[in-house]
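Undergrad: The primary structure of each chain is shown beneath.
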Amino acid sequence: MRPEAPLTATFMRRIVSVGRWYVRVVTSDARPAPRVRDGIRAAIPLAPGPFVFGLSFGVLAEAAGMNAVAAVAMSATTFAGSAQFAAVSVLDAGGTALAAILAAVFLNARYAAISVSVASIFPGGRLRRLVESQLIVDESWALSGRSGRFEWPILVGAGLLLYVLWVGSTALGTLVGGALDDPSSLGLDAAFAVLFLALAMPYLRGRRAVQATALGAAITLVLIPIVPAGVPIVAAAAACLLGLRR
Amino acid sequence: MWVWIVVAVVGVATVLFKATGPLFLGGRALPARAQSIVDLLAPVMLTALVVTQTVGGDGELVFDARIPGVAAGALAVWRRVPIVPAMVIAALVTALARQFA
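In the order they appear, the protein sequences are chains A and B.
One gets my numbering by counting positions in the first sequence from 1 and adding 48 to each.
One gets my numbering by counting positions in the second sequence from 1 and adding 26 to each.
Just to be clear, a hint being listed does not mean it is correct.
Listed below are several chain B residues computed to face chain A (Cβ distance under 10 Å; list not exhaustive) [unchecked claim]:
| id | residue |
| --- | --- |
| 1 | LEU42 |
| 2 | ALA45 |
| 3 | ALA60 |
| 4 | ASP65 |
| 5 | THR78 |
| 6 | GLY82 |
| 7 | GLU86 |
| 8 | ALA91 |
| 9 | GLY99 |
| 10 | ALA100 |
| 11 | ARG124 |
Keep in mind that the hints were calculated from the coordinates and are not lab data.
Cβ coordinates follow ideal geometry from the N, Cα and C atoms, glycine included.
Throw the hints in and build the complete structure from the sequences for me.
TA: This is how it looks when you write it as structure tokens:
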């Protein structure tokens with residue numbers, strides 16, 4: 049007759065049930081399916097970044113001689129910060145339209161790979177998939193994969209919030225840029241160099257990426273005094289052919 | 027005029043890139059050789075932009091107030107300062123260097 053026995057059994061049962069509850073919580077299947085609303089909420093902590101970038105894109109576009117409507121149209125159709133900054137900085141440096149286009153297109157080619165990784169989560173017909181796939185940006189893509197598998201509501205919700213912020217802050221930036229006397233005295237050029245650097249950092253894992261990046265930087269440095277503005281950046285893309293080496 | 031061509035071409039290209047997976051490829055992957063090049067495009071192009079933004083000039087290398095600014099910003103990025111404050115540091119240092127130059 050040991051009074052502890054039933055107690056121990058209860059205790060064991062409690063442990064087992066807590067264990068089951070824990071397993072249910074940590075495996076994503078038991079979690080309620082996320083909604084678009086959850087995606088919007090997930091993107092709120094990131095909001096200041098895109099807002100400030102959009103604002104500065106508007107200012108820079110204005111300084112580069114791009115009119116306000118074109119700047120906002122670019123944010124609305126391209127919706128990819130680094131490529132937009134690249135195109136505008138090539139134009140600002142006096143590069144040709146072709147160099148600006150190539151620099152931006154090379155940068156955005158990564159979206160082909162990113163969109164392939166989430167291809168299967170987009171429901172519906174071709175038109176709907178075409179429209180919703182435009183909400184893929186680095187941030188919405190990263191957020192949508194946080195639970196360990198890509199989730200459509202998170203990607204679309206986060207993408208929607210970022211889209212509104214991006215286009216709105218670009219418009220605001222063109223107004224601010226138009227009001228500034230001499231934006232170049234602000235040190236925006238150095239700020240964008242640092243933005244590009246920070247964006248490049250997460251990709252610099254592994255020997256191949258570091259080698260290709262160093263080669264690209266060297267090509268750019270050598271070509272700046274020799275060829276027209278914008279061309280060095282485009283030529284640097286040749287360094288990516290290192291990827292073909294085994 | 028040229029600006030609108032840039033906006034249109036980059037816009038259409040980006041729409042197609044983003045639609046590649048969901049619209050054209052379904053569940054299939056990119057060919058391995060294409061993937062290995064695409065993986066390198068972002069860091070290579072971004073770093074080339076760092077170089078032109080820092081020392082690019084009109085047909086020459088220019089070493090000016092941008093260098094201390096970018097150096098300060100790079101140090102901040104390296105010390106894991108978030109992007110926006112790091113950009114502000116770079117802009118401030120460059121603006122100050124321009125004031126005193």
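Undergrad: Look at each hint and say if it fits the structure.
TA: The hints, checked one at a time:
At about 8 Å, the closest approach between the beta carbon of LEU42/B and any beta carbon in chain A falls short of 10 Å, and the interface hint on this residue holds. Because the beta carbon of ALA45/B sits about 5 Å from the nearest beta carbon in chain A, less than 10 Å, this interface hint is met. Annotation: ALA60/B was flagged as interfacial toward chain A, and the flag holds, the nearest CB pair being 8 Å apart, inside 10 Å. About 6 Å separates the beta-carbon of ASP65/B from the nearest beta-carbon of chain A, less than 10 Å, and the hint is met.
Interface hint status for THR78/B: upheld, as the beta-carbon distance to the closest one in chain A is roughly 6 Å, under 10 Å. At its closest, the beta carbon of GLY82/B sits 6 Å from a beta carbon of chain A; the interface hint therefore holds under the 10 Å criterion. At its closest, the beta carbon of GLU86/B sits 5 Å from a beta carbon of chain A; the interface hint therefore holds under the 10 Å criterion. Interface restraint check for ALA91/B: the shortest CB-CB distance to chain A comes to about 7 Å, inside 10 Å, so the restraint holds.
Among the interface hints, the one on GLY99/B holds; its C-beta lies about 3 Å from the nearest C-beta in chain A, closer than the 10 Å criterion. A least Cβ separation of about 6 Å between ALA100/B and chain A falls short of the 10 Å threshold, and the interface hint therefore holds. With a cut of 10 Å, the hint placing ARG124/B at the interface with chain A holds, because the nearest CB-to-CB distance is about 6 Å.
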